[in-house]
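Student: What follows is each chain in one-letter form.
Number of protein chains: 2
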Amino acid sequence: MLRTHTCGELRESNCNEQVTLCGWVQRSRDKGGLMWTDLRDRYGITQLSFEEGSTPAEVLETARKLGREFVVKATGTVVERYSKNDNIPTGGIEIKVESLEILNGSKVPPFIIEDDTDGGEELRMKYRYLDLRRNEVRSKLQLRSKLAMAVRNYLAEQDFIEVETPVLIKSTPEGARDFVVPSRMNQGEFYALPQSPQTFKQLLMVSGFDRYFQIVKCFRDEDLRADRQPEFTQIDCEMSFVNQEDILNTFEGMTRHMFSAVRGVELGDFPHMTYADAMRKYGNDKPDIRFGMEFVELNELAQNKGFSIFDQAELVVGICAEGCAEYTRKQLDALTDFVKRPQIGAKGLVYVKCNADGTFKSSVDKFYSEEDLKAWADKAGAKAGDLILVLSGTANETRKQMSELRLHMGKELGLRDKNTFQPLWVIDFPLLEWDEETERFHAMHHPFTSPKAEDMALLDTDPGKVRANAYDLVINGVEIGGGSIRIHDRATQQLMFKHLGFTEEEAKAQFGFLMDAFEYGAPPHGGIAFGFDRLCAMFGGSDSIRDYIAFPKNTSGRDVMIDSPSTIDEAQLKELGINLR
Amino acid sequence: MLRTHTCGELRESNCNEQVTLCGWVQRSRDKGGLMWTDLRDRYGITQLSFEEGSTPAEVLETARKLGREFVVKATGTVVERYSKNDNIPTGGIEIKVESLEILNGSKVPPFIIEDDTDGGEELRMKYRYLDLRRNEVRSKLQLRSKLAMAVRNYLAEQDFIEVETPVLIKSTPEGARDFVVPSRMNQGEFYALPQSPQTFKQLLMVSGFDRYFQIVKCFRDEDLRADRQPEFTQIDCEMSFVNQEDILNTFEGMTRHMFSAVRGVELGDFPHMTYADAMRKYGNDKPDIRFGMEFVELNELAQNKGFSIFDQAELVVGICAEGCAEYTRKQLDALTDFVKRPQIGAKGLVYVKCNADGTFKSSVDKFYSEEDLKAWADKAGAKAGDLILVLSGTANETRKQMSELRLHMGKELGLRDKNTFQPLWVIDFPLLEWDEETERFHAMHHPFTSPKAEDMALLDTDPGKVRANAYDLVINGVEIGGGSIRIHDRATQQLMFKHLGFTEEEAKAQFGFLMDAFEYGAPPHGGIAFGFDRLCAMFGGSDSIRDYIAFPKNTSGRDVMIDSPSTIDEAQLKELGINLR
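Sequence lines, in order, name chains U and C.
According to UniProt numbering, the first sequence is numbered sequentially starting from 1.
According to UniProt numbering, the second sequence is numbered sequentially starting from 1.
Keep in mind that the hints were calculated from the coordinates and are not lab data.
Take every hint as true, because none was put in to throw you off.
When chains are identical, the list treats them as one kind, so a pair holds in a single copy or across two.
Taking lysine to any residue and the SDA-like style, the derived pairs with C-alpha atoms no more than 25 angstroms apart in a straight line are:
1. LYS73 - THR250
2. LYS146 - ARG256
3. LYS146 - ALA261
4. LYS340 - MET279
5. LYS574 - GLN187
6. LYS498 - ASP569
7. LYS498 - ASP563
8. LYS96 - TYR82
9. LYS452 - MET1
10. LYS146 - HIS257
11. LYS574 - ASP563
12. LYS508 - ASN104
13. LYS374 - ALA356
14. LYS126 - GLU519
15. LYS379 - THR336
16. LYS452 - TYR275
17. LYS73 - LYS452
18. LYS73 - MET1
19. LYS411 - MET273
20. LYS146 - GLY253
21. LYS107 - GLU519
22. LYS126 - THR503
23. LYS126 - THR172
24. LYS31 - GLU51
Since this is a predicted model, take the numbers as computed values, not measurements.
With the sequences and hints as input, model every part of the structure.
Tutor: Right, here's the structure in full:
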């Protein structure tokens, strides 16, 4: 190596050693006869020192030419520092430089390369290679690398085989939109990029691989939001001869290992909650259960007392905010404004203050007596000093609105600590969901998910009621992974496609190979996939998955650094047998 | 799990235990009152036993329905076997079955699922999920998984960070043909799939990542041969602040670790050989040095003796085949036929037998005296009993032909043992190679490879002579990996593009981001990429990379199992802004 040590490794015990370091100039201070330069690499920062008189003149001259982000190679002797810096591990020493070589210069960077940068999002993305030079960003990608290693080692230990499935596959109409790749050798035909390796991993189970995993890129040509990327990474897993409980246990184990190995956190229980309960108690299929504030249904107590808004509502539901009875008018108005925001869409908010003296004060005192309100408080488990917040309307909408309010209150009250991790398995998802737009049922998870045996009879009579052997792993209100026990026989799979509106021909053309495979001894199997980008973000305590992707695309699907996508020339189009419209 | 044990784990020490196994019916033998079924899973085979009288009648009835590849769940007691099978680890026991459930039936498979199958290539590819059920095929993919783990653990240990680079990138005209992906959000523009993450890994070096690796899918839209796939996998690595020697040492270490950890083989020396020497001594830039048989140039000795074919040749070159003086007419004719095959293309073959009695017998006795032939033998180091084989013609062609003959002889003489592994670094590759078709220089490695400093002056005067800081790792005559020390300054990179025939505008449009990056403190860096599919094949002692890919494509780029590529509908084309021609 051009260096003998990294910029993060020298200590007082190395004093008097002759060393060579390579790195980037973080900053220099020139105090007349004395000059210091902080040299940075991935491993740390080490101070170089130069002194008029003792440093060779040509070295000092070179040192004075150094600008920010110059790359240098410095050789010298490790000496104890006069004024030590206890904030960094190398702060006890400096290098008395004896020779200095500029390996490469640098223009002035377009933004400051420090944790606290002055660069805006767009500029940082255009110069992503400089953004990645910041400790904060690089350390996020190091976390990602560590996490992937921890996952792989755990799964290999558990006899999982990593198998690479193809990237150039077949377009299917189900699910999100595919990216497609025109075939030159088969003109007029297209490959598709996989939205997931779902069918391949199921085929590997048919092949007897028993336990499969892969950390794999997947692709969806969807309109993008802040937390969506056209290409994303999954931890994709599948097991044979298992029931749901086996999968939950295995991946509880994997999740515990990740937290323990990478964050040093020992997770507590992984409770199970049905989808129906999650919706009823939290209005959300991925509830954040770091805090309580469960929904309390008040229809019985609140209706038929003359308050027409509640009387006409399908659902009247409240939550109890502990210790918030002292909220001011202004604070309460802010909450009302919050729930009335268009993206939440409530019409108004009713509150009940449980005063310290045992009395009640509500925004609907006109309609309800102290006794009425006491009954609400009892039902909500509210004590003196608490605040009850109530919403009403159609059941589904009101639950969604209340979920937002609950999360908001949880945040306001500091109940959503980023360093507390609370996992939860949500189970018993519906098999199908009605799509108003296309007026047909869609698979809630995907068409390969098995219905619960005891609900099979409902498929013909009340398909929306059929529960699936499907589950999600939720941590802190973020869906981290999801999966299901799969269908493994042709007849059930065909029935499923029928219910999803496929003709027999369509089903055969798209998934004939899978249904064929089911006829040659397909074992019972199931699996799960984790969104790796989101998992990394959650691990790092961030909301933005983009921070955890080395070269992300913007919300128009562009990589502004390399300027992609871009046009291709006519000859290439011709070879592919396509024209631009 | 539906099972208590796998089919590979029960031993005599488990006798009398009640167990449940799941697996596939490999075969059944019904001898009247007694019946045995071999149950198979990924882990092994266990014998189930049924006996009229002691086995419950309904279990026996179910057992008699079992066909090949049925999936069953069997519960019973482990008992010692009457006649043991020492060939398998579970051969000492069998399961006296007490209950039996058919989890799934199977149609008769289209080919026999055993190591020695009767299925042809095409049939096995169509039913790849059944082909993968064969031990031989599955174990190849298990080897692949293990090898990837060994690589990752080694590199992580050496402070390499695994970073995922994007799959949707930008099309570039350099190198092989890109697969492209039409962009819906940016109609008329296309992403390209990466042929390698080359520019991204270099940018990561600019970012100070110091040591990067990735096991990553790459794509080339080339016409396919048996050992080429449109998507393939690379172990892609890059390091900063290194010279060539550092890279060779690091990846010698990685290679040693792979062989030691996965095959239990301790590799010997990794000699270095220049490209020029490899071509001169072996006529090949990836020589198999498990055996000698180095080229001996005979121009001086063989020319001007009246044999016009040699006299007119640019090169007369021989090899010495030890102990082959006794070759018969027929054997010699076969060698002549071999070198005259169109894919080799020699016009003829000259031989000299060094007889046991010290005399010589050659196919050109008319032109050469015993003394002449003795001089050849001396130069070739041939002893009594050896055979000298000689080719002549233009230097490049003759070397290629002789290389083929040498490899052929090595194989015939058993000098190319599959269990001997002989690594070799080939170094000092030419920077550029002349392309007759386009009448310009192409980068031999890629345009980011640095020229040797001492050869820089030749760039303008004799570009073909410039050597690059480029190297290949060759094992047993197979190129396993290749890389280079990169250019890390804008001026040299621009010069390189100029020599490759790029206009300034083209260079900027395609690689402006990289050249820009070089102006912000790019460190000296270099790297290497290993062809992972080929590495696996070499590890497994196979020539076919396809065996080591779970779902390969055929030579028309088709996946015959899922029937891909396929047509897409008009609406999708419209959304993408393209038409079929």
